[in-house]
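Student: Protein sequences appear in the order of chains A and B.
All the letters of the first sequence, read from the start, carry residue numbers 1 to 124 under the numbering used here.
All the letters of the second sequence, read from the start, carry residue numbers 125 to 539 under the numbering used here.
Calculated directly from the structure, the hints in this document are not laboratory data.
Every residue gets a Cβ at the ideal spot worked out from N, C-alpha and C, and that includes glycine.
Be aware that one or more of the hints could be misleading.
[As the list claims (entries may be wrong)] Label-pair distances were calculated between CB atoms; the ranges are: (1) I60(A) - Q327(B): 31 to 39 Å; (2) N61(A) - T370(B): 40 to 48 Å; (3) Q327(B) - L109(A): 17 to 25 Å; (4) I28(A) - S367(B): 39 to 47 Å.
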Amino acid sequence: MTEELVITCIVCPMGCRIRVLKKDGEVIAVKGYSCPRGREYAVQEATRPLRVLMTVIPCINGDLPVVSVKTSKPIPRDKLLEVSRYLASVSVEAPVEIGDVIVENILGLGADIVATRPCKRVKN
Amino acid sequence: MIYDSVIIGGGPAGLAAAVKLAEKGYEPVIIESRDRLGGIPLQCIHPGFGLHLFREDLTGPEYIYRFIDRIEELGVKYVLEAYVEDIVNYSMISKKVRITSPKGVEVVEGKTLIYAAGARERTRYEIGLPGPNAAGIYTAGEAQTMMDMYGVMPGKRVLILGSGDVGLIMARRFVLEDAEVVGVVEILNYPSGLVRNIVQCLQDYGIPLYLQHTVKEIRARNGRVSEAVITRVDENFKPIPGSEFTVEIDALILAVGLRPRVKLLKKLGVRIDPRSHGPVVNDWLETMDAPGLFVAGNALMINDYADYASMQGYWAAESAIEYIENKGLPSTRWRRVVPGENTRLVVPQYLSGLRDAWLYLRVSTPLENARLVIPGLGREIPLIHALPSLQLRLMLRREEIQNAGEELVVEALER
Ligand SMILES: Cc1cc2nc3c(=O)[nH]c(=O)nc-3n(C[C@H](O)[C@H](O)[C@H](O)COP(=O)(O)OP(=O)(O)OC[C@H]3O[C@@H](n4cnc5c(N)ncnc54)[C@H](O)[C@@H]3O)c2cc1C
Ligand code: SF4
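Construct the complete structure from the given sequences, taking the supplied hints into account.
Tutor: Laid out in structure tokens, this is it:
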């Protein structure tokens, strides 16, 4: 089975439209890129698109009610919503510093959930 | 106490200015109206910050805490929940501002002023959006503050008006919080945001983008927005009869642009450039009308990157130091920068020829394979892909400016 994917390159503002031809899940041809970085990106997107997830989680006794977090590295795009939903039930106790690991190896994806904003402890 | 500089606003521009002044041994004070330092990046939890300044891809809070931590290390003074109401009593050597804070009203004095109060969001009234005054209508910044600072969801079925990066980023935020985004509506025939955001914020989640459409009317039920009427528009942005359709929503997010906050500057008699909507400045980022008043960041012009706002903060601080040391900046023959063909805005508006200067500019229409030309300097730069929504900048050398005439036209020409 062959399929053709049209991918808009995001590596630079040119936004080249790159066509990736796949046969039985293997990339067999790439057309329409203007530079090697674009080709690399298109192949990645066509086989295993990755994204960093950003969200907020409740911070108990913090100076703000929530703290912002992200995945420590990109995770498969089709796992974004699953991770986001999982995090809806996670909270943390203040104080929190930037870089603190909140969840290790989230859903076994090999990425940690780390804080991106500090949250000071306030007495309550 | 007379500070070396009173800095109005504690965002990327103001904090960078304060860090530079303190590192060089000067004593600034920051006046910030919110209950914490940081400005807009505090609430921008997505990456895309720091690429120009730190060569790293940081989230907004990670970016701004590099400055906040430095401010604390250096022991820079700041006042929070303090709103600058007025710039009173202005002279060459002393500038006084009146601030209101929980402690009451007080006057703070500085040898120079760095105005870095950022931008305000355009409202539904500025775009003439008819309909009842209902709950559930928020600017993008308001929605972002609710969600990402306070953890409160503005709605569960939202429509976003405006396809700039701000609107696109908000669309993704809502989806990841399990809300439904019924669409992003854009009056132009192309999206204003970066390709990266079109792909990662809309296409990833199958959110429809309605180009050449606008919201014609909103309807409310029980005091909350319940429906939006979307219509196609023609080339003159006039609604096309018969093209309307209605979507059910419980929140409308307005991401229809930012404007430099210039009320205080206007009151002081500072001229405002109708193109940038910010003050008219020279290449010290000093306003042409009030010596020793420097402007940086989104108060000067809308910046796509916090990095640029911070760089303008450094620039304003260096100028303030020169002003303090020499009791004023040298007078000179000014070269006026004139936006020519296809050029929406250029800042700064005046060049001295006494220093190198960055020119920040935007084109006025999408251009492919064009070139940016400054005939007065013989400069020509290729523009492969230019959009009004992409901020451009280029460095001009002091020597080339010195040889220029009274007027320097900057234009973007198709090949
Ligand atoms: C939704 C959104 C997404 C963005 N995404 C990115 C991105 O991915 N990457 C990037 O690099 N940039 C991004 N930006 C742009 C960036 O946030 C701005 O360029 C930058 O914040 C401008 O800095 P500033 O210091 O001029 O203004 P601000 O950050 O607005 O700071 C101004 C400060 O002044 C204070 N103030 C205002 N008036 C007064 C007064 N009268 N008295 C006292 N204090 C006052 C305000 O409270 C505020 O803290 C984004 C912007 C938005 C809105
Ligand atoms: S293929 Fe190369 S030139 Fe084209 S958008 Fe991607 S990075 Fe830019």
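Student: Could you run down the list of hints and mark each one as holding or not?
Tutor: A quick look at each hint next to the structure:
1. I60(A) - Q327(B): 31 to 39 Å: holds (37 Å)
2. N61(A) - T370(B): 40 to 48 Å: holds (45 Å)
3. Q327(B) - L109(A): 17 to 25 Å: holds (22 Å)
4. I28(A) - S367(B): 39 to 47 Å: At roughly 43 Å between Cβ atoms, S367(B) and I28(A) fall inside 39 to 47 Å, so the hint holds.
In this structure, every one of the numbered hints holds.
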